[in-house]
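Please construct the entire structure, taking both the sequences and the accompanying hints into account.
2 protein chains.
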Amino acid sequence: MIPSSPFIPFIFFLFSLLTAAVVQSKQPFFPSAIYHSSLKKESSRSPSKPKPILPYKTRYFPQELDHFTFQPQSYKIFYQKYLINDTHWHRGAPIFVYTGNEGNIEWFAENTGFLLDIAPKFKALLVFIEHRFYGDSLPFGKDSYKSANTLGYLNSQQALADYAVLIRSLKKNLSSDSSPVVVFGGSYGGMLAYWFRLKYPHVAIGALASSAPILQFDNITPWTSFNDAITDDFKDASLNCYEVIKGTWQELDILSSKKEGLAEVSRIFRTCEKLQYIDSAANWLSEAFIYTAMVNYPTKANFMKPLPAYPVEEMCKIIDTFPPGTSKLNRAFAAASLYYNYSNTHKCFDLEHGSDEHGLNGWEWQACSEMVMPMTSSSQSMFPQYSFSYDEFSDHCKSFYGVRPRPHWITTEFGGNNIEQVLKRYGSNIIFSNGLQDPWSRGSVLKNISDTIIALVTKKGAHHADFRGADKDDPKWLIDQRRQEVDIIQKWLDEYYRDYA
Amino acid sequence: MIPSSPFIPFIFFLFSLLTAAVVQSKQPFFPSAIYHSSLKKESSRSPSKPKPILPYKTRYFPQELDHFTFQPQSYKIFYQKYLINDTHWHRGAPIFVYTGNEGNIEWFAENTGFLLDIAPKFKALLVFIEHRFYGDSLPFGKDSYKSANTLGYLNSQQALADYAVLIRSLKKNLSSDSSPVVVFGGSYGGMLAYWFRLKYPHVAIGALASSAPILQFDNITPWTSFNDAITDDFKDASLNCYEVIKGTWQELDILSSKKEGLAEVSRIFRTCEKLQYIDSAANWLSEAFIYTAMVNYPTKANFMKPLPAYPVEEMCKIIDTFPPGTSKLNRAFAAASLYYNYSNTHKCFDLEHGSDEHGLNGWEWQACSEMVMPMTSSSQSMFPQYSFSYDEFSDHCKSFYGVRPRPHWITTEFGGNNIEQVLKRYGSNIIFSNGLQDPWSRGSVLKNISDTIIALVTKKGAHHADFRGADKDDPKWLIDQRRQEVDIIQKWLDEYYRDYA
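Keeping their order, the protein sequence lines are chains V and P. All residue numbers for the first sequence refer to our numbering, where the first residue is 1 and numbers rise by one. All residue numbers for the second sequence refer to our numbering, where the first residue is 1 and numbers rise by one.
No lab work stands behind these hints: they were computed from the structure. One thing to keep in mind: the hints can contain errors.
[Said to hold, decoys possible] In silico DMTMM-like links for lysine to aspartate or glutamate, alpha-carbon gap of 20 Å or less:
id, chain 1, residue 1, chain 2, residue 2
1, V, 424, P, 177
2, V, 76, P, 395
3, P, 424, V, 177
4, P, 424, V, 451
5, V, 424, P, 499
6, V, 398, P, 395
7, P, 172, V, 218
8, V, 172, P, 499
9, V, 424, P, 494
10, P, 447, V, 499
11, P, 171, V, 218
12, P, 424, V, 392
13, V, 447, P, 499
14, V, 424, P, 495
15, P, 398, V, 64
[Claimed, not checked] Computed beta-carbon distance windows for the label pairs:
id, chain 1, residue 1, chain 2, residue 2, range
16, P, 497, V, 73, 46 to 54 Å
17, P, 178, V, 499, 32 to 40 Å
18, P, 123, V, 494, 42 to 50 Å
19, P, 147, V, 77, 50 to 58 Å
20, V, 73, P, 77, 18 to 26 Å
21, V, 490, P, 79, 33 to 41 Å
22, P, 222, V, 77, 26 to 34 Å
23, V, 499, P, 497, 53 to 61 Å
We put the beta carbon where it would ideally sit given N, CA and C, even for glycine.
This is the structure we're talking about:
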């Protein structure tokens, strides 16, 4: 039942909880595909988290539906949410804009304490803009996700244009045309921040793109890199840990051929209801390992889930300290439980039904239209081996949404090939920050390109670790990375004020 | 009848024969507006010009309708025409792309001999791409101009994306991914070339934007500049000439209040049929002066019409050499006849019916959607005074097309304000070439911005004079300007080959 190839779920993974594999759970595409929606299910059973009180005012901007056509329907207005904090700002002082990604903007604001931390120094206005089709910024209300006719307007270029229009209007309304704008974003939001600086240099004087895998398209980055990076994270924690996880899939495979296999796996995984598919267990495990590698932060955190510091190491400790003879599956389950149940609120797990507490489910569409990031898993990976086929992927998207992806569009529109040569003589004021523990880092820019296009890389950092608020337990390398960011941004601003003096 | 204000026709003028005023001839917007389609009528009566044999092969590329949405209809294919000449090219050698503007691509190829002249030196492949909705590149065939539902896809961003997609595909098909691409364009095509370098630096290593009034939007360039420049051209030729033309409008005004005024004007203007509106005569004159200023080339040429070298001076000679006592109207008519009838083929003139021999009539739509370039005429202008109102313009476009313009969109999407500060630290490899005789030059970049963003300005040049093929009578300043362009492009290419070595 666990196919050696093609094993599809991971290929759709992005920064969020949602994957095209979730789509498949509604409409299976490969008969043998395992379903990958467990994490969301846990969320639905979690006691709903109290909403943190964010120091932002919520505003809505009347935005036009389609910036790139002039048909009567292009002018339809929807209300785009943005958050604003002007505690330290005065007219003419900088405006720091977070280019929202695939979820409720509050969630990103909550996890980008860095901007609140640095606002006083820069006297910066902070603005977090929600991405169209996420959170409350739904152009067609509850019908927004109805079909390609509505979802067709959900893409990165329209989002970037939204940001440009909103920022221009905001500056005008604040009578602060001369305020320099710096854009910030993490993950897909970091891609948007970089692309915004690339396409709208007249609006933003610089961009800090944290953990932005802008090179994860076409053949620029090896398709195995994402899973290889996770594998390396676990191997670095413990070779035994890697071997246990790698062996788990075969144990599941053997169980799947047994009559009582489903019951046995349900028991091991303490499922609330008996599983329908053994694949669900594989998926649930994989998801835990993937996301834990992404959020392998050096301090306790609660981005995806509440987790201790360096959770990959903690998982591996769990695996490594079991008494000899314990099955790999039992160990892997215990490790994954760290991810799903660190706060110990679950008595049982629901692996086969999801929720979407961060409002992320537009990503399925984006992954099936322009955000095509091919991924595969090699025989060295800790995950089962799988391959990727553009044709099969395209057929899947077509059958689900009625339209095919444009898998080479992102590199046509935004580039990526030969980025060093292209940006060496073009552009300026961009920081690509990455932590090498983050599996997405391998699809980002890890070397300085010019004096003003800088890569800030840490060996230990995880997915946009630098954007988290300062913590008393932060290690020196993280404090240093943030300080470098602040220094570089200060330089951009100094230059700006000199140029415009 | 000639209103002192608002006098609308000129505000819509662009590079082409077509203006929104032509729209008005179908659906008048200001009761007093004069109609501005005479030039086209002449064309219809001209013996059809023999088509020059161009050294290009004609190809068609299957292009998608809408690059910025993913609806089922976005994927509709239309066939985009392009011309190609590979006489001197070999794999890996440069590709020079002309980013087509608002007309048949053959017309631009015919008037861009510069590229044929320099192709041997660079061993360059020459590619002229037709702009969507012009010439044969009609996404909806003969229904392309039916309404905003079809025309909505006609805009600069879609055109730029067309070019990116086509160039990428072409390079792939030629197995020449490593060929550097330089984009060239004149007038609106020059704006597109600059914008292409701005937005697609990964596709084009540099741009030569000739006579590209990228700053003719919003309040960046004074709204009177276009008419002031024409006025200066005529004043520089002869102060008397300027005064005669400036006085013409009053003479027409007086005639318009007379019972036999229309007959009198028809007689003076040798119209084939009696005029319906005296305004048509004012419009016919204005058009001649405007276009003659634009094409005030130092050699005989036939871009808009066949004309002698320095036709503005020739016009003024005609005006100045009339015997004393000749009416201003008679003199102005004689001067304008140089423009309409230099080849002496017309026995009479038709001022009130048009044709469109260059397939330019999509510009009306573009001017009424995104290409809003406000223009006014001051009391010092040689033209009648007129003003501009965004609201009135918007109402006009709405009543004609059913949609309103987005008059500030171009500066949001492409910038323009503070261009020196923005480009000083961003971008590279752009030449803005201009001749100060060209009324559009005042809306372009006339000073170097950085070491690699260069303004090449000539005192005498007219509308993209540098793009014309070399002529034995070319003056030194024009030869020099072209040589500088060649040297700079050579530098870009040398750097490129070094960077990618």
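Quick rundown of the hints versus the structure:
no.: 1; hint: V:424 x P:177; verdict: 19 Å, holds
no.: 2; hint: V:76 x P:395; verdict: 18 Å, holds
no.: 3; hint: P:424 x V:177; verdict: 19 Å, holds
no.: 4; hint: P:424 x V:451; verdict: 15 Å, holds
no.: 5; hint: V:424 x P:499; verdict: 9 Å, holds
no.: 6; hint: V:398 x P:395; verdict: 42 Å, violated
no.: 7; hint: P:172 x V:218; verdict: 14 Å, holds
no.: 8; hint: V:172 x P:499; verdict: 42 Å, violated
no.: 9; hint: V:424 x P:494; verdict: 15 Å, holds
no.: 10; hint: P:447 x V:499; verdict: 16 Å, holds
no.: 11; hint: P:171 x V:218; verdict: 16 Å, holds
no.: 12; hint: P:424 x V:392; verdict: 47 Å, violated
no.: 13; hint: V:447 x P:499; verdict: 16 Å, holds
no.: 14; hint: V:424 x P:495; verdict: 11 Å, holds
no.: 15; hint: P:398 x V:64; verdict: 17 Å, holds
no.: 16; hint: P:497 x V:73: 46 to 54 Å; verdict: 47 Å, holds
no.: 17; hint: P:178 x V:499: 32 to 40 Å; verdict: 36 Å, holds
no.: 18; hint: P:123 x V:494: 42 to 50 Å; verdict: 46 Å, holds
no.: 19; hint: P:147 x V:77: 50 to 58 Å; verdict: 21 Å, violated
no.: 20; hint: V:73 x P:77: 18 to 26 Å; verdict: 22 Å, holds
no.: 21; hint: V:490 x P:79: 33 to 41 Å; verdict: 52 Å, violated
no.: 22; hint: P:222 x V:77: 26 to 34 Å; verdict: 33 Å, holds
no.: 23; hint: V:499 x P:497: 53 to 61 Å; verdict: 33 Å, violated
Violation of the numbered hints given earlier is confined to hints 6, 8, 12, 19, 21, 23; the remaining hints are satisfied by the structure.
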